[in-house]
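Undergrad: Here's the letter readout for the chains.
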Amino acid sequence: MTPEELGAAFEAILFASHRPLKLRELQTATGSERRDAEAGLTALEQALGGRGVMLQRLGDEVQVVTSPDQAQFVRRALRPEVTGRLSPAAYETLAIVAYQQPVTRAQVEELRGVGCETVLGNLELRDLVTEVGRAPGPGQAKLYGTTMRFLQVLGLRNLDDLPVPDELRSAFADGARDLPEESSESSG
Amino acid sequence: MDRARLEVATPVFEGPLELLLALAEREQVDLLQVRLSELTDAYLGAVAKLEKPDPEEMSDFLWMAARLLLLKSIVLLPGAENTEEESDLLGWEEDVRRRLEEYRLYKQMAESLMERAAEEPYAFPAPPRTVEVEGQEEPLEITSLVVAFQSVLARIPPRPVVVTGRSWTLAEKLEVLEARLRRGPVDLVEMLFESEDRLEAVVTFVALLELLRRGSVKVTQKEAFSAIVVESR
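Protein chains in written order, with my numbering: chain A, 1 to 188; chain B, 1 to 233.
For the record, the hints were derived by calculation from the structure and aren't laboratory data. A portion of the hints provided could be inaccurate.
Result set (BS3-like, lysine-lysine): computed pairs, CA atoms no more than 30 Å apart in a straight line [to be verified]:
1) B/Lys-72 with B/Lys-107
2) B/Lys-173 with A/Lys-22
3) B/Lys-72 with B/Lys-49
4) B/Lys-173 with B/Lys-222
5) B/Lys-49 with B/Lys-107
6) A/Lys-22 with B/Lys-222
7) B/Lys-173 with B/Lys-218
8) B/Lys-107 with A/Lys-22
Using the sequences provided together with the hints, build the complete structure.
TA: Quick look at the structure:
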C-alpha cells in the first residue's frame, strides 16, 4: 500500500475506534511494517491539515480527535462533558510533569518546594497524568507522565505542540535543567 | 512601592519558595544579582502574617526564615574569614537561587498552559460506542477471576519494610479504575501487577468486584490462559 492508502486505512480504523490505538494494532490490522506505518501516519496527518479532525499522538498511541479550532462548534452542538477548572497549584504541577516527564513525585516536590502527593493524585484521578514507568533505584518510585487526555484538554496534537514561552526556549537550550536520562517502559 | 497589590493578588503561598519568589517580584529585585538576605525583612513580615494551621507546613516557612537571618548576619559582618559553616550557607544561597530561577520558569510555563486552557481548545475524542464484531467472548465466571487473582497475588512482593507505600481506600481505587476503564479495556493481570504491594492489588481486585456487582463492567477471556479483559459496559 502507498503511504496515502495506508493513511486512509488508519483513518477509517481510528474513526471507528472509541479509544487510542497502539501503532502495533494498526500495523497488525494492515499487515504493515513499522516504517511504512509511520509513513502512513505522516500521510494521514498531512491529509487532515485544515480539516475538522486531527491526528493525536502520544508515544506509540494514536487517536483521531476533533480539531481545537472547531471546539466551540462541537461544544455548542453536543455539549460534551469537560473537566472543571484546575487550581494554579495543579497547573504548576502539570507544567512540571509535562515538560520534565518522566518525572518522580520527589522531583516535582523539589521544584515546587512543597509536598505534591495530593495534587498529583488529583491530576491522576482526572486522567491528566499517569504512571509511565518506575525509576531505577531503591523504592522504584513511580514515574509520572502526561496522558492522551492532557493533550485533548489543551487541544495539542502531541507533546511537541506544548507551548514554550520564548524566554524558556533559550533557558532550556542552555540546559537549565537536564532531562532525566533513564528511559521509561510503558507499563500499559 | 505598591505593597497592597501582592497581598490581594496571591494571599496563599504553598511553600517558602513560592513566597520568596513573590517577594522578589514585588521588590522588583533580580534574584541572580542581589543577596537573598536582602529579602529577609520582607520575608519575616510575610511569614508573620501567614495563617498555616499545619505545623509541618509552617516549619518549612520558619526554617527558611532562620536560614535567611543567618545569611544576613554573615553578610553584615565584614572582613572576617568565612568559617566552614558560613561557606556552607553561601552554597545554600546559591542552591536556593538556582531553585528559585527554575521554579520561576515552571511558574511561567504553568501560566502559559493556563492561558491556553482558558481558551478551551479541546480536542474531543469519539465517545465510547460498541462496534459489533464476530467472535464476541462469553462473560467470565467470578470463580475463575478469583483463581487468576490468587496466582497473581502470589507473585507480587509483600510491602517492603523501609519504603512506605501509599494506602488506598476502596473509593479511591474505584475512581481510578473507572477513570481508566473510560479510556478503554484493561488487561486484569497487567493491571494487578502494577500494584506497589499486595494491599494495593487486593484493593484493586475488590474494586473490580464492586464494579461487577454494579453491572458497570464486563470481564471476558477469549480462551483459557489468554488475557482477562475488563471493560466498561
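Undergrad: If a hint holds in the structure, say so; if it does not, say that too.
TA: The hints, checked one at a time:
For the proposed pair B/Lys-72 and B/Lys-107, the alpha carbon gap of about 27 Å is at most 30 Å, so the pair holds. Taken as a hint, the B/Lys-173 and A/Lys-22 pair is honoured in the structure, with Cα atoms around 26 Å apart against an allowance of 30 Å. Between B/Lys-72 and B/Lys-49, the direct Cα distance comes to roughly 21 Å. Compliance with the 30 Å bound is thereby established for this hinted pair. For the proposed pair B/Lys-173 and B/Lys-222, the alpha carbon gap of about 26 Å is at most 30 Å, so the pair holds.
Only pairs whose Cα atoms come within 30 Å are accepted, and B/Lys-49 paired with B/Lys-107 is accepted, the gap being roughly 24 Å. Between the alpha carbons of A/Lys-22 and B/Lys-222 the distance comes to roughly 20 Å, so the proposed pair stays at or under 30 Å and holds. For the hint pairing B/Lys-173 with B/Lys-218, the CA-to-CA distance comes to about 17 Å; that is within 30 Å, so the pair holds. Distance check on the hinted pair: B/Lys-107 and A/Lys-22 sit about 33 Å apart at the alpha-carbon level, beyond 30 Å; violated.
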